[in-house]
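Colleague: Taking the hints into account, I'd like the entire structure generated from these sequences.
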Amino acid sequence: DTAVSQTPKYLVTQMGNDKSIKCEQNLGHDTMYWYKQDSKKFLKIMFSYNNKELIINETVPNRFSPKSPDKAHLNLHINSLELGDSAVYFCASSQDFGGGSTDTQYFGPGTRLTVL
Amino acid sequence: AQSVAQPEDQVNVAEGNPLTVKCTYSVSGNPYLFWYVQYPNRGLQFLLKYITGDNLVKGSYGFEAEFNKSQTSFHLKKPSALVSDSALYFCALNQAGTALIFGKGTTLSVSS
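Respectively, the protein sequence lines represent chains A and B.
The numbering of the first sequence is this note's numbering, which starts it at 23 and goes up by one.
The numbering of the second sequence is this note's numbering, which starts it at 7 and goes up by one.
Calculated directly from the structure, the hints in this document are not laboratory data.
These numbers were taken from a predicted model, which means no experiment stands behind them.
Watch out, some of these pointers could steer you wrong.
[Unchecked claim] In silico DSS-like links for lysine-lysine, alpha-carbon gap of 27 Å or less:
| # | chain 1 | residue 1 | chain 2 | residue 2 |
| --- | --- | --- | --- | --- |
| 1 | B | 28 | A | 89 |
| 2 | B | 83 | A | 74 |
| 3 | A | 58 | B | 55 |
| 4 | B | 110 | A | 31 |
| 5 | B | 83 | A | 44 |
| 6 | A | 44 | A | 66 |
[Stated by the list, open to error] Partial pick of chain A residues on the chain B-facing surface, computed with a CB cut under 7 Å:
| # | residue |
| --- | --- |
| 7 | 55 |
| 8 | 63 |
| 9 | 64 |
| 10 | 68 |
| 11 | 72 |
| 12 | 130 |
The beta carbon of each residue, even a glycine, is placed where N, CA and C say it ideally should be.
Modeller: So, in structure tokens, the structure goes:
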């Protein structure tokens with residue numbers, strides 16, 4: 023059974039389009055995250071939700087909007103896609119809130135977004 | 007401000023030799039440190055973490071890491087490298103008020 027899953031795995035789209043990436047975890051965790059990995063493989067936190075409540079909202083353009091319908095799901099919607107949005111987006115989850123927590127974060131397989 | 011540094015972009019070792027991937031950190035307060043591995047076109051896999059206690063932490067796939075508070079380091083080690091260990095390794099810090107802060111990653115290449 024996949025612990026943290028993401029769909030789609032690959033996403034190729036045109037500039038200006040709106041797209042969504044879905045994430046689901048079956049670990050029973052309370053906290054979920056979105057990370058962005060750029061072309062240089064650098065990883066950075068974008069958002070974190072704890073029990074459907076937004077906890078972390080880093081300096082991310084407001085074209086990015088996370089939504090958590092329940093604590094097992096965290097989706098990422100991106101409006102008006104730009105070339106610079108091309109990256110790999112990782113979803114992760116942990117039992118407790120990550121800030122200062124000792125809990126391990128478990129990552130999904132990633133979604134490679136390519137904006138043409 | 008808290009930060010993690012991985013001073014080497016790439017580490018090359020021969021199969022069967024010991025390997026070390028370096029990580030240093032900067033934090034006020036207690037550091038919670040993690041190592042993750044990323045294989046090509048895959049997600050990040052957790053290897054091990056240091057929370058408190060014994061400075062030598064054992065993890066998955068025969069990896070271990072040594073926490074050194076005085077040198078603010080958390081180096082990843084393995085006594086005998088395998089070709090299959092070739093991957094991208096990330097050191098990460100978990101501090102209050104944020105999620106994981108990652109180093110830039112170190113590519114490990116193990117030659118046969």
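Colleague: Could you run down the list of hints and mark each one as holding or not?
Modeller: These are the hints, each one checked on the structure:
1. B:28 x A:89: Violated: residue 28 (chain B) and residue 89 (chain A) sit about 37 Å apart, past 27 Å.
2. B:83 x A:74: Given that 27 Å is the threshold and the Cα spacing comes to 38 Å, the pair is violated.
3. A:58 x B:55: Holds, at about 22 Å.
4. B:110 x A:31: 23 Å, holds
5. B:83 x A:44: Cα-Cα ~35 Å, so violated.
6. A:44 x A:66: 18 Å, holds
7. 55: Where the cut-off is 7 Å and the nearest Cβ of chain B is about 6 Å from residue 55 (chain A), the hint holds.
8. 63: 5 Å, holds
9. 64: Nearest chain B Cβ about 6 Å off; hint holds.
10. 68: This interface hint is violated because 9 Å lies over the 7 Å limit.
11. 72: Not OK, violated: residue 72 (chain A) not within 7 Å of chain B, min 11 Å.
12. 130: 5 Å, holds
When held up to the earlier numbered hints, the structure conflicts with 1, 2, 5, 10, 11 and fits the remainder.
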